[in-house]
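The numbers in this note's numbering rise by one with no breaks, and the one at position 224 of the sequence shown is 209.
To be clear, the hints were calculated from the coordinates, so they are not data collected in a lab. Incorrect hints may have been included.
Pairs of lysine to any residue residues, derived as SDA-like cross-links and limited to a Cα-Cα distance of at most 25 Å, are as follows [claimed, not checked]: (1) Lys17 to Glu140; (2) Lys191 to Met13; (3) Lys165 to Arg55; (4) Lys191 to Val89; (5) Lys96 to Lys17; (6) Lys191 to Glu47; (7) Lys96 to Val154; (8) Lys71 to Val89; (9) Lys96 to Pro172; (10) Lys42 to Pro172; (11) Lys17 to Cys30; (12) Lys96 to Asp167; (13) Lys96 to Asp110; (14) Lys191 to Val154; (15) Lys17 to Thr97; (16) Lys85 to Gln60; (17) Lys165 to Cys30.
Restraint ranges, calculated between C-beta atoms of paired labels, are given here [said to hold, decoys possible]: (18) Leu5 to Ser146: 18 to 26 Å; (19) Ala134 to Glu3: 41 to 49 Å; (20) Arg10 to Ser171: 37 to 45 Å; (21) Asn78 to Ser171: 40 to 48 Å.
Only a predicted model underlies this, so the values are computations on that prediction, with no experimental measurement involved. The beta carbon of each residue, even a glycine, is placed where N, CA and C say it ideally should be.
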Amino acid sequence: WESDTRSSRRIAMLNVEEFLSPELRLAMCHVKEAIRIILHCLVVCRTIGGADSIDPKAVVSELFDVEYVRINESQHVQELERTVEKFSEILENNLDRSGKAQLVFNLYTVKTRKQSLWNRIVGSDEKTVFEQWRIPVAVQPLNRYLNPADNLREEANLQASASQQVQQVLHYIIARANTKVDHLPSPEKDTVSYKFEVAFLSGDGKEIGTGSLLPQGLGSSISQTIRHLPYMA
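Kindly produce the complete structure, drawing on both the sequences and the hints.
Here it is as structure tokens:
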């Protein structure tokens, strides 16, 4: 058990289905768009289905030669954008000296325990993580040359490489989300999306970045609005 003082919950990490994606080796200028695409993919892939719409759409990335499905409701897009910005800051500010970090996407359920003195001390809610996705990122240096044509060639090569790597991670996520479903808990009544949170880890697995978790209500608030999507697991 791990105590989460921010949410007054006990966290269980038992029987977690874990996924470690291929490492993304990216120039710093490509990190935000890559993480943005992957976060939207993860949210959509673990949507349960329902009745109102946040209008998910297939779009083409503005930076990469990649098409993906993204949620389109402004409040939740803003929440994901804050996560993108925070992860980028962690790498850019060299908080992790190795130039590496991991984005961790947890899906969980919450069960309210019976009232007791002990539960009041440690927290009355039991949060059980049942699925975890880890996306490792390593920042690659952008080489500069005296010849402008060489610089353009370097940038084009890095962008093409980033596009290919992001596409590979999307294929990894979609393939496993579609085949690994036995561990998924039964959806709660009137709930259309599993609760989730995002954290950041350093290259050696230590949590970094103050306030790295998405607000606890984000997953549940998305569940109130994501509708008309098929069960994509």
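Now the hints, each set against the structure:
1. Between Lys17 and Glu140 the alpha-carbon distance is near 16 Å, which keeps this suggested pair within the 25 Å criterion.
2. A hinted pair counts as satisfied when its Cα atoms are at most 25 Å apart, and Lys191 with Met13 qualifies at roughly 21 Å.
3. Pair hint Lys165 plus Arg55 holds up; C-alpha atoms about 22 Å apart against a cutoff of 25 Å.
4. Distance check on the hinted pair: Lys191 and Val89 sit about 11 Å apart at the alpha-carbon level, within 25 Å; holds.
5. At most 25 Å may separate the alpha-carbon atoms for a hinted pair to count; Lys96 and Lys17 exceed this at roughly 34 Å.
6. Only pairs whose Cα atoms come within 25 Å are accepted, and Lys191 paired with Glu47 is rejected, the gap being roughly 32 Å.
7. The straight-line distance between the Cα atoms of Lys96 and Val154 is roughly 32 Å, outside the 25 Å bound, and the hint therefore fails.
8. Simply put, Lys71 and Val89 have alpha-carbon atoms about 13 Å apart, close enough for the 25 Å limit, and the pair holds.
9. Of the pairs offered as hints, the one joining Lys96 and Pro172 holds, with about 13 Å between alpha carbons and a cut-off of 25 Å not exceeded.
10. Between the alpha carbons of Lys42 and Pro172 the distance comes to roughly 24 Å, so the proposed pair stays at or under 25 Å and holds.
11. Annotation: proposed proximity of Lys17 to Cys30 holds, straight-line Cα distance about 20 Å (limit 25 Å).
12. Proposed proximity of Lys96 and Asp167 is supported: the alpha carbons are some 20 Å apart, at most 25 Å.
13. Restraint check for Lys96 and Asp110: the C-alpha separation of about 6 Å stays at or below 25 Å, so the hint holds.
14. Of the supplied pair hints, the one linking Lys191 and Val154 holds, its CA atoms being roughly 23 Å apart against a limit of 25 Å.
15. Our distance criterion of 25 Å between C-alpha atoms is broken by Lys17 and Thr97, whose separation comes to about 36 Å.
16. At most 25 Å may separate the alpha-carbon atoms for a hinted pair to count; Lys85 and Gln60 exceed this at roughly 29 Å.
17. Proximity of Lys165 to Cys30 is assessed by CA-CA distance (about 12 Å); at most 25 Å being required, the pair is judged to hold.
18. Checked against the given bound of 18 to 26 Å, the beta carbons of Leu5 and Ser146, roughly 20 Å apart, stay inside it.
19. Remark: the range hint 41 to 49 Å for Ala134 to Glu3 is upheld by a beta-carbon distance near 45 Å.
20. Against the hinted window of 37 to 45 Å, the Cβ-Cβ separation of Arg10 and Ser171 comes to about 39 Å, which satisfies the hint.
21. Between Asn78 and Ser171 the Cβ separation comes to about 42 Å, which falls inside the hinted range of 40 to 48 Å.
Hint compliance for this structure: hints 5, 6, 7, 15, 16 are not met, and every other hint is.
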